[in-house]
Each structure stands twice: as structure tokens, then as C-alpha cells.
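Colleague: Sequence:
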Amino acid sequence: MSIPTPVQLRSKLPDVGTTIFSVIGQLSAQHQAVNLSQGAPNFPCDPRLIAGVTQAMEANRNQYAPMTGLGTLKTLIAGKAAALYGAQYDDDSEVLVTASASEGIYCAISGLVHPGDEVIYFEPSFDSYAPIVRLQGATPVAIKLTVPDFAVNWDEVQAAITPRTRMIIVNTPHNPSGQVFSRDDLEQLAAITRHTDIVILSDEVYEHIVFDGLKHHGMATHPALAERSVIISSFGKTFHVTGWRVGYCLAPAALMDEMIKVHQFLMFSADTPMQYAFADYMADPARYLSLGEFYQRKRDLMQTLLADSPFKLLPSAGSFFLLASYEHFSDESDSAMVKRLIVDYGVATIPLSAFYTDGTDNKLIRLSFAKDEATLRAGAQALCQVKPR
Numbered sequence: 001m002s003i004p005t006p007v008q009l010r011s012k013l014p015d016v017g018t019t020i021f022s023v024i025g026q027l028s029a030q031h032q033a034v035n036l037s038q039g040a041p042n043f044p045c046d047p048r049l050i051a052g053v054t055q056a057m058e059a060n061r062n063q064y065a066p067m068t069g070l071g072t073l074k075t076l077i078a079g080k081a082a083a084l085y086g087a088q089y090d091d092d093s094e095v096l097v098t099a100s101a102s103e104g105i106y107c108a109i110s111g112l113v114h115p116g117d118e119v120i121y122f123e124p125s126f127d128s129y130a131p132i133v134r135l136q137g138a139t140p141v142a143i144k145l146t147v148p149d150f151a152v153n154w155d156e157v158q159a160a161i162t163p164r165t166r167m168i169i170v171n172t173p174h175n176p177s178g179q180v181f182s183r184d185d186l187e188q189l190a191a192i193t194r195h196t197d198i199v200i201l202s203d204e205v206y207e208h209i210v211f212d213g214l215k216h217h218g219m220a221t222h223p224a225l226a227e228r229s230v231i232i233s234s235f236g237k238t239f240h241v242t243g244w245r246v247g248y249c250l251a252p253a254a255l256m257d258e259m260i261k262v263h264q265f266l267m268f269s270a271d272t273p274m275q276y277a278f279a280d281y282m283a284d285p286a287r288y289l290s291l292g293e294f295y296q297r298k299r300d301l302m303q304t305l306l307a308d309s310p311f312k313l314l315p316s317a318g319s320f321f322l323l324a325s326y327e328h329f330s331d332e333s334d335s336a337m338v339k340r341l342i343v344d345y346g347v348a349t350i351p352l353s354a355f356y357t358d359g360t361d362n363k364l365i366r367l368s369f370a371k372d373e374a375t376l377r378a379g380a381q382a383l384c385q386v387k388p389r
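Quick note on numbering: UniProt numbering labels position 246 of the sequence shown as 246, and the sequence is numbered without any gaps.
Derived from the structure by calculation, the hints contain no laboratory data. All C-beta atoms, glycine included, are put in the ideal place defined by N, C-alpha and C. Treat the hints with caution; some may be incorrect.
Stated by the list, open to error - The following label-pair restraints were derived from C-beta to C-beta distances: (1) D46 / G116: 28 to 38 angstroms; (2) A374 / E58: 28 to 38 angstroms; (3) H114 / D308: 51 to 61 angstroms; (4) P163 / D127: 26 to 36 angstroms; (5) L27 / S93: 43 to 53 angstroms; (6) Q63 / R287: 25 to 35 angstroms; (7) G137 / M67: 45 to 55 angstroms.
Make a model of the complete structure from these sequences and hints.
Modeller: In C-alpha cells:
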């Protein structure tokens, strides 16, 4: 039984409903399907992380952490950026620990984008960017990546820039395609934004998950971009604890000051015991530097298992994800295909159209290989049984 209300409401996000991840998750649970849909690992994290949280709790580190983050953790974050990317961030004024990477994205957009501004981003995209932009009274401007390579057409970006453009959102490694920026991408982005007041919001939550000997070309590796960029990262993605909801941001102090103003009234501080645990855990760089090899083995296994399936896999250079094409054996919509896979074959994936605001359907589905081997084998076995329609 629900409680009625006499209040007449006007929605700030009238076109936003339940996310596709929740919808697919519910349908998957209903049919007890193998879940290759959500970008969350189903295997346990390192027990030492849990021990670190427990130890912090038992040591009575259970009250508010400093607003911008635990000092020792921020020092380690700044040190990592210096060691890996050659970028010198001040750990006091240019590092912010957030209650999830998503909170960092919200703080950056809310703090730096004003009503009437325009924000360029690339589709297919993580689903939170455009709604957060709209909440600020600003206009999201979507540019579609080329298909099937999911590359940026920089001439199109240049043409989309107007006097109202305040921010460009980039994501590398890219969710959902698994593609990564090259050095040339950075050079072109730097050239386009030179002599402007455009801020770059760079979602780099998969920064350590890059394959085949490639390097992560993040904004911190390019001085001209670092000076105008907010970089977002995630402890949850890095250490297989997405439910802990702790992330961090790097940005020049002038940008960070505006983000902190939002953060202090939105969350104030991130989880205290977990910050202590992450500080202890990330003191050993091998724990994040080994991630690329770890997930490449999972990607390679998934590619091998699906070699005889009817699907054609697109290359994945990073992240948790593979895209699979079915256009050569079915003309059904990707949403219909995903539903059929769950109901008839017991395996859950995500339709790529969910990552486009206009529902563009390229006959592609997204698979997550951030799963244990048994799950990958069960999911692949189901996908190998799919019949044309």
C-alpha cells in the first residue's frame, strides 16, 4: 500500500526512468540468468582489504574523516599520479576523496557548469553524465563515436564548440566499448581547447585496466590538458569493491575549490574506515599495477569461449567490457535480443542502445567479463547456443 500525496510536482528529470541496469538486474534475477550485464565483479576482494576496514573500525576510526579525505590517502594518490603520469598534484589542495566516483562526477559538473552552459560528451556513454548536466540548467551536447571502432571524430568536436561550451567529458578506457585514447587523441583535444576556458572532465575509473601492452593515456600525462582537467578515479573499480562507494578526483586548485564547495554540502566526507583501509592497501603499487594482466586473462578467456558462438566480438583494449555484434544473424532490436537471451537462454547482457539518449541501435550488446571463471564459462556456454531469428 502506498501513501498518496496532494503535492503537485514538476520533475527536474522528466525523461529519466529506472536505469537499464536495474531493469536488466530484475529480469535476470527473475529468470535466474547468468549475469554478464553489470560492471561489478562477482568474485571476492582481497581479504586484507576487509581486515583493514575491520581494524580501522576496531580502532574507533568511525567518525567523520577530514572533509577532503584522509591525509595519508591523499598523499598516496598524489604520489601515484606523479610516479605513473609525471603529474605533480598538491595532496592538500588538489586531491579530493569522494563517496564514489559518481559523486566526483557530480561535484565537478555541479561546481563548474552554470545554467545556459553547454557540455560536450560522447555516446555511447555512462548514463549519469547528461542527467547531471541537465540538473544544472545546462545543455548536454552528444557527439556519437564512430562505429565499429568507437573513435572520436575531432573535427566534429571542433564544430560543436560554441561560446557557451564550458566542459568536455571524456572517458578512457571507455565504458561501454572498451576503447582507449591514444596519444594523438590527447594532442587533438589539447589543440581544440587551447586558448579557451573549457574544462575537461575525464572519467578514468578503469585507468589500470588496459590490455595488450598499451598505455593509459590519461589527462595527467599531458601538461596542457592536466591544467584544465578534473580526473575521476574509483577505488571500487580498482580493488573489486564497487559497493564500498569510494573514489577520488585530481584537479588544479582553482577547479578543485569549486568542487569542494559542492562536496561539503553533498556528502561532507567519504567513509572513514574504508579510507584507512585503502591507504594501507595501496601503499603497495603492485596491487593496482597488476590489474591489466588480471583482467586481460579474463578478456582472453571470454574471447576464446565465444569463438564458436554466433556473435562477433569487437576488440576491447581496456575496461571490464566486450561488445558483441549479432547483425549478421538477426534483425531484432538490441533490447529484444537482450530480453530473449535472458528468457530463452538464461544469460543477461546490456543493450548498447541504453547508452545513447536517442536509443541508437547498432545491433550490439555489452558483456562484462569482471566475473569468476565459472560464471564466464556458464555465460559463454549459453551464448554459444543462441539461434538466429
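Colleague: Hint by hint, say whether it matches the structure.
Modeller: Status of each hint after checking the structure:
1. Take D46 and G116: their Cβ atoms lie about 47 angstroms apart, and the range 28 to 38 angstroms is violated.
2. Distance hint for A374 and E58: a CB-CB separation of about 34 angstroms, consistent with the stated range 28 to 38 angstroms.
3. A C-beta distance of roughly 54 angstroms is found between H114 and D308, which places it inside the suggested range of 51 to 61 angstroms.
4. For P163 paired with D127, a C-beta distance near 28 angstroms keeps the hint of 26 to 36 angstroms intact.
5. Restraint check, L27 to S93: a C-beta distance of roughly 46 angstroms satisfies the suggested window 43 to 53 angstroms.
6. Between Q63 and R287 the C-beta distance comes to about 27 angstroms, which sits within the given range of 25 to 35 angstroms.
7. The given range of 45 to 55 angstroms is broken by G137 and M67, whose C-beta atoms sit roughly 26 angstroms from each other.
This entry does not satisfy hints 1 and 7, going by the numbered hints stated previously.
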